[in-house]
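Trainee: Read off the chains here:
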Amino acid sequence: MDVDPEVPSAPSAASDHVVALDQAVAVIGGFPVLAGATLAVSSGEIVLLSGPNGAGKTSILRLCAGLLPIARGSGSIFGFDLATQRDSIRPRVGLLGHRNGLYGDLTVAENVAFWGSTVGATPDEIGAASARLGVDGRLNDVVVSKLSAGQKRRTSLACLVARRAELWLLDEPHAGLDAAGRDELDTVLRQAVSSGATVLVASHELERAGSLADRVVDVIGGQVHDSGASS
Amino acid sequence: MSRWQIARLVASKDLRIERRSRVLMNQVLPFAGVTMVMFAFALDASNVLERVAPGLVWLATLFSLLVLVQRSFAIESDDGALDALRVAGVDPVAIYWGKAFALAVQLAVLEVVLLIAAVLLYGADVPLGGIVLLATTLVTATCGLASVGTLYGGLTAGFTGRETLLPLLVLPVVAPVLIGATRAVESALGTGGVALSEGWPWIGLLSVFAVAFGAGGALAFGPLIEEAT
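Top to bottom, those sequences are chains A and B.
Everything in the first sequence is counted per our numbering, starting at 1 for the first residue and increasing by one.
Everything in the second sequence is counted per our numbering, starting at 1 for the first residue and increasing by one.
These are calculated hints, taken from the structure and not from any lab test.
Any given hint might turn out to be false.
[What the hints assert, rightly or not] Covered stretches of chain A (in silico footprint by chain B; criterion: 3 or more residues with CB under 8 Å from a CB of chain B, positions within the stretch not fixed):
hint : region
1    : 63 to 73
2    : 93 to 105
3    : 112 to 121
This structure is a prediction, so every number in the text was calculated from the model and none was measured.
For glycine and all other residues, C-beta sits at the position ideal for the given N, C-alpha and C.
All chains should be modelled from the sequences, with the hints used to inform the complete structure.
Mentor: Okay, structure coming up:
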């Protein structure tokens, strides 16, 4: 696949919507964390999921990443069925959750190289991903356990870029970032979208994330209330 | 990337983390060494120690295996890396083989050190004729232990209380390795007049165990971590 090393590649046109959930129900430990969620996200959109704690925002992201099984209803990502084709979905999806998915004893460069290498990224692509998030240079050889929370977040995003994710699922991505880091993140997301990626963001910071998003949908009680209005 | 390339990537990542964190050097080896010394105190008679030296080496190895397996999966679960590997669609068979290989390398280092300790502390002799049998025992037993450890480490990675669950699951399963490896090493060392030829049938058992868990573990690892995490 020939891709721009600095930004994720565009999703294929396997279906009309990158994300299509129809009355999706997901259950954890007998508790329905999603109770009939319906959501459609088109290619190149940035959609903000807003709502109170425990409303189901993270569960929607985990469902879209193929980490949470769909119990009832239906759903597809890039046209692949969430119930039966999760293995086809996962390589095209990047999830930045509450945890960063980094190895604390490896350096920044080693972490980005590891995640990039899982998809066969070249050293140039890996270096470009680090540079894009500002974790190259003096941070390159610092072990991740010694980084600040914001620097870890940036490193995790660099891994996402190196992995060439086509659907970015971000859970509170601005958390822990300083003002410069937040601006940089917004820039990275806009560039990713301009090259064809799609972004689903869950955030409590409506002012910050809302200005970034094309559309805001409310998640309440495990259901999605999509007014269809632009932010 | 091919399955082998991913497995190599995972193994080199795990070994690099070990080289940097030095858990094997600073925690596991001292723990195993102290265990051997305590056995020496408890069985304070040179003829008894020499007789039971092979069993003590493998008991110390099994206890240390638990520490190594927990460490191997702690690095994956501490910051959600195992979830990230799943989301990235990394082949679970490759993850299993990579982690098992890294674990086997660490176990092999540990076993060599423990054998040297047995020679020094317990006065065990290593006859020249027994070296091939000894080396074969180390290789086959290590493969079996690494396969089982990686399988159950993945299974328990997502559970609360995995520190207590792992020994309860692993120790009964690896009992055949403990028995087979002990008997084979007894033959290699000629402990209690056991003939060298009596050790080779135990190698057969260890080989079957290693192949069964190596192949079965690779197949089961993906579904297990899906359910466990």
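Trainee: Check whether three or more residues of the region 112 to 121 of chain A sit with their beta carbon closer than 8 Å to a beta carbon of chain B.
Mentor: holds (count 6)
Trainee: Quick check: do three or more residues in the region 63 to 73 of chain A have a beta carbon closer than 8 Å to a beta carbon of chain B?
Mentor: holds (count 3)
Trainee: If you look at each residue in the region 93 to 105 of chain A, do at least three have a Cβ nearer than 8 Å to any Cβ of chain B?
Mentor: Per the Cβ count (12), the hint holds.
Violation of the numbered hints given earlier is absent; every hint is satisfied by the structure.
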